[in-house]
Amino acid sequence: MTSSACPCCSGLSFETCCGPILAGAPAATAEALMRSRYTAFVRHDLDHVERTHAPEIREDFNRAEAERVADECDWQRLDVLRATEEGDEGIVEFLIQFRRDGQDMRHHERASFRRIDGQWLYSAGEVNPKGEPRRVVKVGRNEPCPCGSGKKFKACCGR
Amino acid sequence: MEPRFACTACGKCCHGLLPLTLTDAVAHAIRFPLALVWTVVRSNAKSYDLATRLGTSVRLPNRKTVAVLIQPTAYLPNHFPCPALQPDNLCGIHADKPSRCRTMPFYPYREEKDQADLLVPRKGWECDVSAEAPVVYRNHAILNRTDFDRERADLLEQAPVMRTYADYVLKYMPWIVNDLAKMAAAPAGGKLVTSLSSFLTATRRTDARELAAAQAPLMQAMAERTRNDPALADFHKNYAGWAKEMERLAQRG
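Line by line, the protein sequences give chains A and B.
Residue numbers 1 to 159, in full-length UniProt numbering, belong to the letters of the first sequence in order.
Residue numbers 1 to 253, in full-length UniProt numbering, belong to the letters of the second sequence in order.
Treat the hints with care, as some may be off.
Calculated cross-link-like contacts (lysine-lysine; reagent style DSSO-like; alpha-carbon spacing at most 27 Å) [claimed, not checked]:
id, chain 1, residue 1, chain 2, residue 2
1, B, K12, A, K130
2, B, K191, B, K12
3, A, K130, B, K171
Across the chosen pairs, the derived CB separations fall in these ranges [claimed, not checked]:
id, chain 1, residue 1, chain 2, residue 2, range
4, B, E210, A, R51, 24 to 30 Å
5, B, T206, A, A23, 29 to 35 Å
6, B, V193, A, P146, 50 to 56 Å
7, A, P20, B, R150, 58 to 64 Å
Calculated from the model, a selection of chain A residues having no Cβ within reach of chain B, i.e. all distances over 10 Å [what the hints assert, rightly or not]:
id, residue
8, S4
9, V49
10, H53
11, R63
12, R68
13, Q103
14, P144
Hints listed in this document are in silico derivations from the structure and should not be mistaken for laboratory results.
Idealized CB from N, CA, C, for every residue including glycine.
Can you build the whole structure from these sequences, using the hints too?
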């Protein structure tokens, strides 16, 4: 069996990356599911895209349009910019580069995922997400220094 | 002076985009290639309040709110004749023709008292506005109002469906707000076109499959007719893409 590079740009082979997920195995992480949905578009496997929608958005899926998008786009690369998980909730921010009608296009999205019965599902997406508000955390004088030195803040960077 | 008006069946207004009530769009899906056409009505326009009732309100990135009308439309390039227009310039479906055609030259997307300028024939039209023609509009009121009232009533009735659709599009295609903002800023306004497939998905129509089966060959034929005209490149791209969507939708149901 030949092993080919996975379309999701993970650097792994398709057989060890998105292949099993497209074949029906549960994705281990929200990021893995997101990658497999991209690979599904590349491979025109829209069944996988459809079955990995959370119930509340399943009926909103315009399958006919998605098939057309898969046909008309030349998928060039996927970059996962950030992926976080907390329990059964996951957020994956990604950038897709593709060509359509001879033009270079980018799709930047922060997608939300939810795990139901062990299956990660896509539940929402924000296109061209705005940056999250910067959270300023005040470091107490007697707390360990955030630089990782092991000293108290007041005896280290806070001096 | 009271405006006079009679149709001479010159066929000039039977060309290009034809806005339809949803009922008419569905009833004539075998003959008109359908799309959804969005126009912006600014808050200082005379028809603004009416437009918020017939369409939806959208808050733009510049914090201004505009009304947006979404019209199910027979999607045809400006100089293309209506597919029902016969060589003798008469309507091939006169007995069943859409409300929009019956109500001409009046336009129920505007207030009844704001119709006078619509009675002035547009360039190239051959409407009879001479003393021979009957008075049709008096003291800002339409004299024979049957068709106007029917079209307006249909538009009011379908408004909740159009709002459901607007919400769907704004949720899943949020960049459209930027296009609406450009239209609101442009002196000539402008139009935005969205697909029937998105409308059928958003509104959960149970007849989606039948409508798609009727539309697929129409879209295909229009894609062919517009293939070699660079001026119609946008129309061609839409027809070709929607032909694929309608074929898939017809197969899947």
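Query raised in the report: Which hint numbers doesn't this structure obey?
Result: 1, 11 and 12
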